[in-house]
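Trainee: Chains as they are written, first to last, in full-length UniProt numbering: chain A, 1 to 359; chain B, 1 to 359.
Some hints here could point you the wrong way.
It does not matter which identical chain is meant; a pair holds if it fits inside one copy or across any two.
Unchecked claim - Straight-line C-alpha distance at most 30 Å; calculated DSSO-like pairs for lysine-lysine:
(1) Lys327 / Lys350
(2) Lys299 / Lys324
(3) Lys242 / Lys272
(4) Lys257 / Lys242
(5) Lys285 / Lys299
(6) Lys317 / Lys299
(7) Lys339 / Lys264
(8) Lys292 / Lys339
(9) Lys350 / Lys76
(10) Lys339 / Lys113
(11) Lys327 / Lys299
Keep in mind that the hints were calculated from the coordinates and are not lab data.
2 protein chains.
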Amino acid sequence: MSTKQKSIPGSEGSPRKDTPKSPVAAKLKKKRTQPSPDELASGIISGDVVALSRAITLVESTQPRHAEHAQSVIEKCLPYANRSVRIGITGVPGAGKSTFIETFGKHLTSLGKKVAVLAVDPSSSISGGSILGDKTRMEELVKDKNAFIRPSPSGTSLGGVARKTRETILLCEACGFDTIIVETVGVGQGETAVHGMVDFFLLLKLAGAGDELQGIKRGIMEMADAVVINKADGDNEKAAKKARAEFARALHLYPPKENGWVPKVLTASALKNRGIAEIWELVEKYTGKNRKNGYFDRKRSEQNKYWLLQTIEDRLKTSFYQDKNVKKTLTEELAALEKNETTPFAAARKLLDLWNRIQ
Amino acid sequence: MSTKQKSIPGSEGSPRKDTPKSPVAAKLKKKRTQPSPDELASGIISGDVVALSRAITLVESTQPRHAEHAQSVIEKCLPYANRSVRIGITGVPGAGKSTFIETFGKHLTSLGKKVAVLAVDPSSSISGGSILGDKTRMEELVKDKNAFIRPSPSGTSLGGVARKTRETILLCEACGFDTIIVETVGVGQGETAVHGMVDFFLLLKLAGAGDELQGIKRGIMEMADAVVINKADGDNEKAAKKARAEFARALHLYPPKENGWVPKVLTASALKNRGIAEIWELVEKYTGKNRKNGYFDRKRSEQNKYWLLQTIEDRLKTSFYQDKNVKKTLTEELAALEKNETTPFAAARKLLDLWNRIQ
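Using the sequences provided together with the hints, build the complete structure.
Mentor: This is the structure:
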């Protein structure tokens, strides 16, 4: 996975030119030993991206010892985390996500922001390539010393991938990144996961020829805080304006959001760097308003609670459904259910009784 | 609860005039003993509504022995169940649900249908009155010998109420009711539960003065197979037409349904019996089309599977969260999470470790 390696600035073996004095990098070079959680945490807190990359690798590892170390690093970093704006970006392949994030990210670093770009793509390990794996798609941003780009962690379970990304957000924040962009490809279940870990959720759309709202997955429109019609340039400009009007009308018809925000529709051309500043202004307006009225913190607190309960429920279900005896009986009961020989509740009772006996 | 008693045609103590030869009623009158599951089941299958009412009382009982008998009755009834059209109806209080169901139900019985009206309202035990408790609101239908009305089972847990209603549907079907209407008040979580147990989901709306789409809970619009603008009579007629156009536009903008169905918007006046026949025609068109393409059976099969898994997951969660030790630690961990002293994943791990120790 050489492309993946290359797309991690500051990862071991290729320290960035702008952090030549990273003690973690030096240690890795000299002794090839694993730095301690304490060393990693203090490295991260001092802004060392080599330490950050190294800690993320621990977060992503499937080895129990690594996982333990990762938790220790996160714990030490926690008091320095949470000071950021987290932006989720989704859009189907072809909507121009990479170019958009590159242009948007460059705009943010030009304003003095430190930008981390992460991704949630549980399918990447299957399709063989992370959406951020191809570093050539974000050439400029990769070279920017105030940007940090990390591909989606691999894994087939969305829960696992989401956990890793959420923990990575905390580490990036502790390292001083004040703007976190989390990308997800708009074809799977990733959007809900990303929506549950960001402050602002942006749907990237391409102005097409036909019905603009076709092809948008159910629920995504309701999650969006803003829709950006991308590639609004050249011959596309007219179609983009039409799409903008149609989206604005559609969004107005949706029930209002809990915080009273009516999602905005903007047009932009990432290629021509048009409309990009306006998007950031909108994010600032949104976060400013929500910090003031307390919604910003309340939403983060609710997201934390959601992930706590979600993790517990996922694990409870996994231990139940992965049991060999449960699996066998479940198959039988599903077949009986299909033939209307049992009810869902009678079948559930049977399975739970079995589970209580073998526990 | 005299109103509740009265609203149950054929319940013990007040057998219906039109079923004087019910063996179950006779038995109850003579010996005041509990009929056996076999007797109840054969009564139900022969169309005896006293047996049906009695069996539903067992389904709703919290006594383990009753629950066991109920399961036995359901099992025997299963081969005769599932032959019906199940229609869910939701709408906020004031939308005229009772009058609508009365007029709609009367129309169906006039076509030779046998109609059962059930409800899911988990809040009824708190608010003190079931939505169907007030029998005066369906005076005509209550007296119709081809209609059977049963109020929402009481209970504070939606899962419990939903299970009882679903099991009641099966019993009603086995008793020969070919059209099942399940009502829910559009203010709680009941809609999702009802949507998950019916073939056709209808949202009842009132034409108002302002923005028609305000006040509709998120997600309800996406569940509706049809929207009926009720009380489209007198001075309201113009507003109803306007609302109809607005809803039609809004629904068109939603992503298409899995089965390709575009939800329809109709106007009706239950009071003046206008537009009612058209609604039933629409239901028939929908079910006819979906029976043909296999979606009807597939959806029911998926609903069964959903309730099986849902029941298992509910019980797993309940046993976890109701544990005394888990409760105490959860409170502590939520407080730590609020102060950013832990992460959702570290807290979840702690709680699951605790659970595994005490299991």
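Trainee: Is it within, between, both or neither when you check lysine 317 against lysine 299 at 30 Å Cα-Cα?
Mentor: The answer is both: 26 Å in one copy and 24 Å across copies each meet 30 Å.
Trainee: State whether the alpha carbon distance between lysine 292 and lysine 339 is at most 30 Å within one copy, between copies, both, or neither.
Mentor: between (57 Å within a copy, 19 Å between copies)
Trainee: Given identical chains, is lysine 285 near lysine 299, meaning Cα to Cα at most 30 Å, within a copy, between copies, both, or neither?
Mentor: within (17 Å within a copy, 44 Å between copies)
Trainee: Evaluate lysine 327 and lysine 350 at a C-alpha cut-off of 30 Å and name the case that applies: within, between, both or neither.
Mentor: This pair counts as both: shortest intra-copy Cα distance 13 Å, inter-copy 27 Å.
Trainee: How would you classify lysine 257 and lysine 242 at a CA-CA limit of 30 Å: within, between, both, or neither?
Mentor: Close inside one copy (24 Å) and across copies (24 Å); limit 30 Å.
Trainee: When no copy is specified for lysine 242 and lysine 272, does a C-alpha distance of 30 Å or less occur within a copy, between copies, both, or neither?
Mentor: This pair counts as within: shortest intra-copy Cα distance 20 Å, inter-copy 43 Å.
Trainee: Please sort lysine 299 with lysine 324 into within, between, both or neither, judging by C-alpha distance up to 30 Å.
Mentor: between (39 Å within a copy, 28 Å between copies)
Trainee: Regarding lysine 339 and lysine 264, is the shortest C-alpha distance of 30 Å or less found within a copy, between copies, in both, or in neither?
Mentor: neither (49 Å within a copy, 33 Å between copies)
Trainee: State whether the alpha carbon distance between lysine 350 and lysine 76 is at most 30 Å within one copy, between copies, both, or neither.
Mentor: The answer is between: 17 Å across copies meets 30 Å, while 46 Å in one copy does not.
Trainee: Indicate which option fits the pair lysine 339, lysine 113 if close means a Cα-Cα distance not exceeding 30 Å: within, between, both or neither.
Mentor: between (60 Å within a copy, 26 Å between copies)
Trainee: Between the shortest in-copy and the shortest cross-copy C-alpha distance, which are at most 30 Å for lysine 327 and lysine 299: within, between, both, or neither?
Mentor: between (38 Å within a copy, 23 Å between copies)
Going through the hint list in order, the structure does not satisfy hint 7, though it satisfies all others.
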